[in-house]
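S.K.: I would like the entire structure built from these sequences, with the hints used as guidance.
In order, the protein sequence lines correspond to chains A and B.
By the numbering used here, the letter at position 127 of the first sequence is numbered 127, and the numbering carries on one by one without gaps.
Heads up, the numbering used here is the position in the second sequence plus 1000, with the first residue counted as 1.
Since the hints were made in silico from the structure, they are not lab data.
Beta carbons are placed, not taken as given, at the ideal position from N, Cα and C, and that holds for glycine.
One or more of the hints may lead you astray.
[Unchecked claim] In the PhoX-like style, the derived pairs of lysine-lysine whose C-alpha atoms are separated by at most 20 angstroms in a straight line are:
1. K1110/B with K103/A
2. K103/A with K1157/B
3. K1020/B with K20/A
4. K168/A with K1103/B
5. K1103/B with K157/A
6. K103/A with K1161/B
7. K1020/B with K22/A
8. K1022/B with K20/A
9. K1110/B with K161/A
[Stated by the list, open to error] Some chain B residues flagged as far from chain A (calculated, every beta-carbon gap over 12 angstroms):
10. N1007
11. K1044
12. E1075
13. L1084
14. G1171
15. S1191
16. S1193
17. R1195
18. Q1245
19. K1253
[To be verified] Interface residues of chain A toward chain B, partial, derived using beta-carbon atoms under 10 angstroms:
20. A63
21. N136
22. I160
2 protein chains.
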Amino acid sequence: MKPKLINSIEEMSTVCRQLKGKIGFVPTMGFLHAGHLSLVSEAKRKTDIVIVSIYVNPTQFSANEDLSSYPRNIERDIELLTNLDVDYIFFPTDEQMYPDGYKTWLNVDKITQVLCGRSRPTHFRGVITIVAKLMNIIDPDLMFMGEKDFQQLVVLKQMIKDLNFRTKIVGCPIIREKDGLALSSRNKYLSYSGRKKALCLNKSLLLAQKLFNRGIISSNKIISQMTDLIEENECIIDYIEVFDQNTLEHIPKLISGSRIALAVIVENTRLIDNIKIL
Amino acid sequence: MKPKLINSIEEMSTVCRQLKGKIGFVPTMGFLHAGHLSLVSEAKRKTDIVIVSIYVNPTQFSANEDLSSYPRNIERDIELLTNLDVDYIFFPTDEQMYPDGYKTWLNVDKITQVLCGRSRPTHFRGVITIVAKLMNIIDPDLMFMGEKDFQQLVVLKQMIKDLNFRTKIVGCPIIREKDGLALSSRNKYLSYSGRKKALCLNKSLLLAQKLFNRGIISSNKIISQMTDLIEENECIIDYIEVFDQNTLEHIPKLISGSRIALAVIVENTRLIDNIKIL
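M.R.: Set out below in structure tokens:
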């Protein structure tokens, strides 16, 4: 059956309050790929009613970022979600989400200032705020998010815990192309040669695991070799960081369970990826 | 019947999710007076289940304020709430509300920076954050708050609207002693002569109404006469402000429906009061 499309906040909220059964929620910015669809499938497995939101949230983009060019294809998204038997698609307008005179913001200290927060200082404020709004509208039991935006996952878990939201987050593994490139709506921006260069993100993470397997545990040494690999591919590093995956704090020496994340600019596109060191 | 006392967030949240009927919520910092009790009575009238929280929220006090000396009397509070047939009293601990590593804050732009926000720059951040937490735990249909903290009422209404909380705020009128002093837990700090001086807050507001009735509409002229009256009583003015009661923006000329608010230091106690000009 085709999912019910809802664009009114009022209607979505009323519908959700009347639903019986466990609500699973997958927030997205649309232009869905297999990564999103894996979240939806997991939601279908774990809950009774699945709601997917499609909303390109303007407040998580800064003025110099790609809000206006961010890829959109709502017809195709609806088709994909219909195939997965999603119950509701929520796609509100900017005017509803941020009406004139909008003034309220959420923020999480410290862990929003590191990693992606350094080059995108207002990004997480926008993410946290929109997710709090969506949780209030939908009141889901479980919310499904990918580990590709690993910092986002940690930040939102902290927010949910701190503010006593009843929703639990389910983190889901990164989905990759066969050649290892992590799926991202922004991959669409890449040229043929850019697409090849972009493999250096995943390759450098696999290199880190290989070095760790050989007994190299110095974060600096590992980052240095990852840097070489990425720069050989003519990509520009925003950051490479080795950190504790609960606190996001830098660690000088890797242990099993540490995480390495990176942001790299390929052509003009900023891509992110990460790995849990085993 | 005695209200059920709950101090665990987990338990309060679970209980609230299972309640049938309209939930009315009155957040307080305890040391209840007739002002609080009027909110509880209104909640009893308008809802099926009434929950009162008693929690002296540390994050709305700044370092130089009266957190440690803020008056407390939980036994008396329970007695008063038992008399009013309240269903649940929620009194969590600081350790539960702000556990180690707590990091999340809400804020509302602009309207938290004026009036009380000028001399208490972090106050509203604390208020908004704790109220969001309490709303997430209790999920009330209606929340009852007094108009004495008029700015708080406006700020929380904005936050609830912006973040799509389903809860509606019911603003309730200021309750006064027979001689006009607005009820406040902080009145307890006043000496016998301070108690008399404190009447100048309400008197100056009534003077404003009288001047307006006589055709004087200049905010400056009215504030000037209020200032004289307060200073004659050896009290120190933090602010006197004439503003639009929806936007909290200063207005140079009073109209019917404008609000005047003031904060005045009597002895060492900062008191607030306000009036809607009719």
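S.K.: With reference to the structure, classify each hint as holding or not holding.
M.R.: Hint check:
no.: 1; hint: K1110/B with K103/A; verdict: holds (8 angstroms)
no.: 2; hint: K103/A with K1157/B; verdict: holds (11 angstroms)
no.: 3; hint: K1020/B with K20/A; verdict: holds (15 angstroms)
no.: 4; hint: K168/A with K1103/B; verdict: holds (18 angstroms)
no.: 5; hint: K1103/B with K157/A; verdict: holds (11 angstroms)
no.: 6; hint: K103/A with K1161/B; verdict: holds (10 angstroms)
no.: 7; hint: K1020/B with K22/A; verdict: holds (18 angstroms)
no.: 8; hint: K1022/B with K20/A; verdict: holds (18 angstroms)
no.: 9; hint: K1110/B with K161/A; verdict: violated (27 angstroms)
no.: 10; hint: N1007; verdict: holds (14 angstroms)
no.: 11; hint: K1044; verdict: holds (24 angstroms)
no.: 12; hint: E1075; verdict: holds (27 angstroms)
no.: 13; hint: L1084; verdict: holds (26 angstroms)
no.: 14; hint: G1171; verdict: holds (19 angstroms)
no.: 15; hint: S1191; verdict: holds (40 angstroms)
no.: 16; hint: S1193; verdict: holds (42 angstroms)
no.: 17; hint: R1195; verdict: holds (38 angstroms)
no.: 18; hint: Q1245; verdict: holds (15 angstroms)
no.: 19; hint: K1253; verdict: holds (23 angstroms)
no.: 20; hint: A63; verdict: violated (18 angstroms)
no.: 21; hint: N136; verdict: holds (4 angstroms)
no.: 22; hint: I160; verdict: holds (9 angstroms)
The structure shown violates the earlier hints numbered 9 and 20.
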